[in-house]
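J.: Spelled out, the chains give:
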Amino acid sequence: MLSEFLVITVGAILVNNFVLSKFLGICPFLGVSKKLDTALGMSGAVIFVMTLASLVSSLINSFLLVPMKLEYLQTLVFIVVIASLVQLVEIILQKLSAKLYESLGIFLPLITTNCAVLGCVVLNAKSAPESIQSTWYGATIYGFCSALGFALALILFSSLREKLDLADVPEAFEGTAISLVTAGILAMAFLGFSGLV
Amino acid sequence: MSTAIIAIIAVGILGALLGVIIGVVAKAFAVEVDERIEEVTELLPGANCGGCGYAGCADFAKGVVSQSATPDQCPVASPEDVAAIADYLGIVAEEKDKMVALVRCSGDVPNTVRSLYNGVRDCRSAVLVAGGAKGCDYGCLGFGSCAEACPFGAIEIKDGLAIVHKELCVGCENCVAACPKDLIIMVPEAATTHVYCNSPEKGAAKRAVCKTACIACRKCVKASGEEDHMEIDGFLIRTNYENPPGPELVEAAACPTTALRIDTEHAKGAYAGESK
Chain A
0 MLSEFLVITV
10 GAILVNNFVL
20 SKFLGICPFL
30 GVSKKLDTAL
40 GMSGAVIFVM
50 TLASLVSSLI
60 NSFLLVPMKL
70 EYLQTLVFIV
80 VIASLVQLVE
90 IILQKLSAKL
100 YESLGIFLPL
110 ITTNCAVLGC
120 VVLNAKSAPE
130 SIQSTWYGAT
140 IYGFCSALGF
150 ALALILFSSL
160 REKLDLADVP
170 EAFEGTAISL
180 VTAGILAMAF
190 LGFSGLV
Chain B
0 MSTAIIAIIA
10 VGILGALLGV
20 IIGVVAKAFA
30 VEVDERIEEV
40 TELLPGANCG
50 GCGYAGCADF
60 AKGVVSQSAT
70 PDQCPVASPE
80 DVAAIADYLG
90 IVAEEKDKMV
100 ALVRCSGDVP
110 NTVRSLYNGV
120 RDCRSAVLVA
130 GGAKGCDYGC
140 LGFGSCAEAC
150 PFGAIEIKDG
160 LAIVHKELCV
170 GCENCVAACP
180 KDLIIMVPEA
190 ATTHVYCNSP
200 EKGAAKRAVC
210 KTACIACRKC
220 VKASGEEDHM
230 EIDGFLIRTN
240 YENPPGPELV
250 EAAACPTTAL
260 RIDTEHAKGA
270 YAGESK
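Which chain is which? The protein sequence lines are A and B, in order.
Mapping of the first sequence onto numbering that gives the first Met the number 0: residues 0 to 196, in sequence order.
Mapping of the second sequence onto numbering that gives the first Met the number 0: residues 0 to 275, in sequence order.
Rather than coming from a laboratory, the hints here were simulated on the basis of the structure.
Some hints here could point you the wrong way.
Under the rule of at most 30 Å between Cα atoms (straight-line distance), these lysine-lysine pairs were calculated in the DSBU-like manner [what the hints assert, rightly or not]:
no.	chain 1	residue 1	chain 2	residue 2
1	A	LYS98	B	LYS26
2	A	LYS21	A	LYS98
3	B	LYS26	A	LYS94
4	A	LYS33	B	LYS61
5	A	LYS34	B	LYS61
6	B	LYS165	B	LYS218
7	A	LYS21	A	LYS162
8	B	LYS267	B	LYS201
9	A	LYS34	A	LYS162
10	B	LYS157	B	LYS218
11	A	LYS94	B	LYS61
12	B	LYS157	B	LYS201
13	B	LYS61	A	LYS98
Chain A side only, calculated, beta carbon under 10 Å to chain B, not exhaustive [as the list claims (entries may be wrong)]:
no.	residue
14	LEU64
15	TYR71
16	LEU75
17	VAL76
18	VAL80
19	ALA82
20	GLU170
21	ALA171
Glycine is no exception: its CB is placed at the ideal position from the N, C-alpha and C atoms.
Hey, can you work out the whole structure from these sequences and the hints?
T.: This is how it looks when you write it as structure tokens:
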């Protein structure tokens with residue numbers, strides 16, 4: 000039992016990292032990684048939404064879609080669920096913690112259409128190991144760990160980019176070009192984890 | 000058939016349920032927003048150009064209402080708009096001179112030396128290749144990065160030279176940031192006569208690559224006499240925008256390279272290929 004969850008955790012964070020080996024969520028990975036502060040904000044928002052979305056989607060999947068043999072509607076239903084979930088979180092957050100709402104800012108609505116979140120819940124429902132697919136807590140842990148992996152990649156990358164700003168980059172490579180090269184090298188480094196699980 | 004109906008009903012119920020939950024929660028957790036922000040947004044031009052330094056008109060309205068910005072910081076709003084906003088908020092609006100963009104170059108294709116450039120048609124790309132394909136290192140590259148940056152269509156590329164149509168320019172300064180040669184400056188709208196050159200090189204070096212460069216012969220400086228309309232800056236004469244000259248100076252100075260021009264004539268492209 001415990002070793003199973005250890006495998007899920009290490010696998011989701013390092014081996015099958017959402018950004019660097021599944022190439023999901025590249026948009027926020029490049030878009031909000033210019034500063035460490037915004038990267039931390041985005042990471043927090045993604046961890047929150049992804050964990051919640053995994054839990055709710057897994058419940059809907061196993062108690063609604065599977066018994067009614069409607070598995071083919073998974074993608075559609077999951078998008079609706081994620082979108083309304085994000086909307087709910089936004090409304091509640093604005094009332095309860097205006098400060099957190101301001102700091103998350105535009106990132107919360109952006110997550111609605113983030114492929115990493117949708118990818119996580121679809122993987123949960125379709126191709127994950129039995130231990131994740133069948134139980135809601137397995138799915139939640141997997142979602143949380145995947146989001147941690149996303150956060151790890153985003154924070155690493157944004158720290159690299161902050162250092163890059165001070166580096167003497169050839170003029171033709173400045174800006175996005177050198178960022179993409181850096182992202183590639185980072186992805187190759189994460190390939191080194193592939194034998195772990 | 001029945002599976003389709005089940006699917007429609009199930010997803011419909013799910014959607015309706017989520018909709019009801021969101022609706023109830025939105026009511027229960029409603030946050031009061033200052034209605035003045037919405038009103039001020041309505042009164043603003045809605046161009047969302049970012050010329051004020053805020054992220055769009057709604058953000059600027061927030062700044063105005065919280066008094067961290069003044070309505071006249073919007074470069075697009077006419078004096079009447081600014082007055083209307085100030086009136087609504089009960090504050091005093093300040094009058095300020097309208098500024099427009101000026102491209103300080105007159106080197107169009109017939110008048111300049113250029114090499115062949117086959118790369119991306121964009122100034123910021125062209126400037127990476129040995130500073131651009133123009134003989135003059137300081138002049139307008141003419142690929143229109145500024146025209147693309149302009150949300151109001153006020154910049155036109157004519158014969159490989161960026162030309163500002165000042166009646167369309169609102170002064171948002173987006174083009175100033177876009178030009179890799181830092182050629183564009185903001186000048187008072189009232190100024191009509193400008194030196195269309197920004198090269199600090201010596202006269203002979205400039206003439207070798209551009210027929211319409213300012214060679215600092217100082218005819219215009221002499222013609223303006225005691226008036227101090229023109230400033231000498233090394234091998235370049237600049238218009239003194241504290242005290243700009245009128246169009247009659249062009250006639251009086253008889254600029255030998257036509258670098259000194261009236262902006263409306265410049266915008267027409269009337270000088271193309273005409274220089275001596």
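J.: All hints are to be evaluated individually against the structure, with a verdict given for each.
T.: Cross-check of the supplied hints:
1. A:LYS98 to B:LYS26: holds (21 Å)
2. A:LYS21 to A:LYS98: violated (33 Å)
3. B:LYS26 to A:LYS94: Roughly 11 Å separates the two Cα atoms, so the pair holds.
4. A:LYS33 to B:LYS61: holds (26 Å)
5. A:LYS34 to B:LYS61: Cα-Cα ~25 Å, so holds.
6. B:LYS165 to B:LYS218: Judged against 30 Å, a Cα distance of about 27 Å means the pair holds.
7. A:LYS21 to A:LYS162: Satisfied, since the Cα-Cα distance of roughly 26 Å is no more than 30 Å.
8. B:LYS267 to B:LYS201: holds (29 Å)
9. A:LYS34 to A:LYS162: Within the cut-off at roughly 10 Å; holds.
10. B:LYS157 to B:LYS218: Measuring from Cα to Cα gives roughly 28 Å; hence the hint holds.
11. A:LYS94 to B:LYS61: Holds - the C-alpha atoms of B:LYS61 and A:LYS94 are around 19 Å apart, at most 30 Å.
12. B:LYS157 to B:LYS201: At roughly 27 Å apart (the allowed maximum being 30 Å), B:LYS201 and B:LYS157 satisfy the hint.
13. B:LYS61 to A:LYS98: holds (17 Å)
14. LEU64: holds (8 Å)
15. TYR71: holds (8 Å)
16. LEU75: Holds: closest Cβ of chain B sits about 7 Å from A:LEU75, inside 10 Å.
17. VAL76: holds (6 Å)
18. VAL80: holds (7 Å)
19. ALA82: holds (9 Å)
20. GLU170: Because about 6 Å separates A:GLU170 from the closest Cβ in chain B, which is inside the 10 Å limit, the hint holds.
21. ALA171: holds (5 Å)
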